[in-house]
Structures are given as structure tokens and as C-alpha cells.
Amino acid sequence: MRTLLLSGSVAFLITFFVLPAIIKIAAAKQLFDLPDARKLHQRPVASLGGVGMFIGFFLTDLLLVSHQQLASLQYYLAAALVIFFLGLKDDILIITPLKKFLGQVLAAAILIHLAGLRIHGLHGLFGVQNIPAPLEILLSYATIILVINAYNLIDGIDGLAGALGLLNMGAFGLLFLWVGDLPYGVLAFAMGGSLLAFLLFNHQPAKIFMGDSGSMAVGLFNAIFALRFLHFPGTSSLQQPLPAVLPLVIAVLAVPLVDTIRVFSIRLLRGRSPFAPDRNHVHHLLLKRGLSHRQATYTCVAANAALLALALLGQGFDATILLLALVLMAGALLAVLVYPLRFGRKQGTISIYSKPKAAANKLAIPGGAASAA
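Residue 261 in the numbering used here sits at position 257 of the sequence shown; the count goes up by one each step and never skips.
No wet-lab data here; the hints were simulated from the structure.
Hints may contain errors.
[Said to hold, decoys possible] Subject to a maximum C-alpha distance of 30 Å in a straight line, what follows is the list of computed DSBU-like cross-link-like pairs (lysine-lysine):
1) Lys-28 to Lys-93
2) Lys-292 to Lys-33
3) Lys-33 to Lys-93
4) Lys-211 to Lys-292
5) Lys-28 to Lys-211
6) Lys-103 to Lys-93
7) Lys-211 to Lys-103
8) Lys-103 to Lys-33
[Said to hold, decoys possible] So the derived label-pair ranges between C-beta atoms look like this:
9) Ala-313 to Ile-96: 19 to 27 Å
10) Ala-32 to Leu-328: 38 to 46 Å
11) Ala-339 to Ile-135: 47 to 55 Å
12) Leu-97 to Gly-320: 46 to 54 Å
13) Ile-96 to Asp-282: 39 to 47 Å
14) Lys-211 to Leu-97: 32 to 40 Å
15) Pro-209 to Pro-136: 50 to 58 Å
16) Ala-309 to Met-5: 14 to 22 Å
17) Ala-280 to Val-340: 22 to 30 Å
18) Arg-276 to His-207: 29 to 37 Å
19) Asp-282 to Leu-328: 37 to 45 Å
20) Pro-138 to Leu-338: 53 to 61 Å
21) Ile-135 to Ala-313: 36 to 44 Å
Glycine included, each C-beta is placed from N, C-alpha and C at the ideal position.
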């Protein structure tokens, strides 16, 4: 545990002292994320936070993790460099979705074919254990690319991607510590330390955004940790194999995954490209209900933590049953926190939070007082 805390502390300190310099450089070179009709911020903000995060994370890994401890480290860092520079170019110059996708495929190929990181079966989900090797590879590509994009897309309001990433890295770090895979725990805590330092500069009103270079890197390492942790059931490193490890991994990444799948599905059903931007993400809907950036962030993190707690407490159940329970709970949370409740012939809403300068917990009734939702 001391090594994990050391890695988190070193990454935090490096990132904390690097970010102010990056903010000054971005201001001097006018490297800003500019406001537009689709974005929520109202002033130019430096978008190179991912640079500081990556420096802190990268240097910590080089200092504390050796090749002897983690033979695949060189491939992880190679894939991370691909994603980092891909995101950095998009932050500064903007690249097409196709080029971004091809870069993500390249990073996934490094992980799958050089690092040997891939899905091996469904771990009892729907009663299935082993699957054909070509399907394993296809699912591995899909998983890595989905998770990278999920964190890229959830980065829409101040603090959200960083806070969710911090929760994920803490969870994976402790899970790796539990199963005795210390090098991966060090990696997770290093990323967590960088994220914690970044959040100090990203709370509303944000001084800097993590940008695509940061959000996609966080997504990449979440994908790496997810696939790595799936290797443990039934191995000697875990005395009592987890009966529902796949739902547990899904729960760690729940909010970004659920939001991305939901938004992509809605866009496709409406005949639009799944990559077409809109304001239909869960954080946008929470803001429409009157929450501040901070309230929306806390709500999403709390929802993710609740799903993770359910997955941990439900390890005695069959994987399929636990996954179904997670889906039902996620649907219930969406219904309660995001979508207005409807009753009677006319629409009304029940709001947990109030709009600015409005009283909280007011009930909108047809013919009655105005709603606070």
C-alpha cells in the first residue's frame, strides 16, 4: 500500500507544479478552447491539461515501475503516446473523426497484439465461458475503443471526467492491491494522483481543461486495467475467484459506458451519425434540470459509486443476475436523476435540486405554482 500511495503522491506533485506553467504557455500562445453554440463555457479556457497529467503520470511510471516488474509496460506507454499525441493534435488543430478512430485502432492493436492484452471469454456471463479466438480479438478492439471514446465524450463539464477517472483509478488500484498485482496498482494510483492535481485547476470556473489528450489517455488506461483485471478469476493470484468479475469491471466504468451507449443509440435511432455532437449527454440533462457543474459532477460520481458498491456486494450471485441488477439500477438512477417524472394529463416535474435563485424541492402541479425543475 505504501508503494501505491507513493506513486499517487509523486504523480500529484509533478502534475501540480507542471500545470501552472502549462496554463501560462497556453495563454501566451493563445491555445484555448473557445466558446461556441454547442459548448457550455463562456470564456476561452486553456485545453492542455492532459499535457500536465501525462507528464506526471509518465515520469512516475518511469521512476517507480521497472520492466522486470511489468514486462508489458513499454507497450502500454507506446499505446499511451499514440493516444496522447492524437488527442494533443485534436486539441490544437482539430482532426477528423476518421483519423481519430484510426489512431485509436492503432493504440488498441499495440495492446492486443504486442502486449497480449485481450478478453478471454465471457467469464460465465449468460452461461458462456470460452469464445472463439477471432471473437476475443474483435471484442477486445471494441472494448478498448469504446472505453476511450466514453471518457472522451463524458468530458463535457468542469470536473466530471476528472472526478469519474479518479474514482475509477482508486477502485482499480485497490482491486489490483487485493489480488496482489502491485505494478498495475502503482499505475492506477499514478494516474489517480495526476487526476487529483488536475482537479484542483478544473473546478468551476475551470482554469484549464484536460482536452482530448487527457480524456482519451484516461480512457485508454481504464481499458487496460479493465482487461487486465479480467485475467484474474481462477488463477493462483486470487485464492477465492470472483464469480461475477465481468459485471464488477463494467460497474467500475458504469457512468461513462452507460452514457455513451445511450447517446449513440439515440443518435442512430434518429438517423444521425453516432459521432454527431449534441447536448443529450447525462451531464447536459442534469444541467437542464437546474444543477450546477459541481452538483452534476457529484451526482454522476455518486451514481457510479452506488453501482460499484452493488457489484462488490453482489459477488456471491451469478454474473448474469448481477449484470441484470446493475442494468435495472442504472435505469432507475437515470429515471430519477435525469428524466422529469410525469403525472396527470399535463407534464410536471419533481426536482431534487433547485434552479439558481429558486426555492428547492418544489412540486409542479397543473394550475399550481411554477416548477423549480
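Hints, verified against the model:
no., hint, verdict
1, Lys-28 to Lys-93, "19 Å, holds"
2, Lys-292 to Lys-33, "34 Å, violated"
3, Lys-33 to Lys-93, "15 Å, holds"
4, Lys-211 to Lys-292, "23 Å, holds"
5, Lys-28 to Lys-211, "10 Å, holds"
6, Lys-103 to Lys-93, "11 Å, holds"
7, Lys-211 to Lys-103, "29 Å, holds"
8, Lys-103 to Lys-33, "25 Å, holds"
9, Ala-313 to Ile-96: 19 to 27 Å, "40 Å, violated"
10, Ala-32 to Leu-328: 38 to 46 Å, "54 Å, violated"
11, Ala-339 to Ile-135: 47 to 55 Å, "33 Å, violated"
12, Leu-97 to Gly-320: 46 to 54 Å, "51 Å, holds"
13, Ile-96 to Asp-282: 39 to 47 Å, "24 Å, violated"
14, Lys-211 to Leu-97: 32 to 40 Å, "23 Å, violated"
15, Pro-209 to Pro-136: 50 to 58 Å, "51 Å, holds"
16, Ala-309 to Met-5: 14 to 22 Å, "21 Å, holds"
17, Ala-280 to Val-340: 22 to 30 Å, "28 Å, holds"
18, Arg-276 to His-207: 29 to 37 Å, "33 Å, holds"
19, Asp-282 to Leu-328: 37 to 45 Å, "29 Å, violated"
20, Pro-138 to Leu-338: 53 to 61 Å, "34 Å, violated"
21, Ile-135 to Ala-313: 36 to 44 Å, "29 Å, violated"
Against the hints set out earlier in the document, violations occur for numbers 2, 9, 10, 11, 13, 14, 19, 20, 21.
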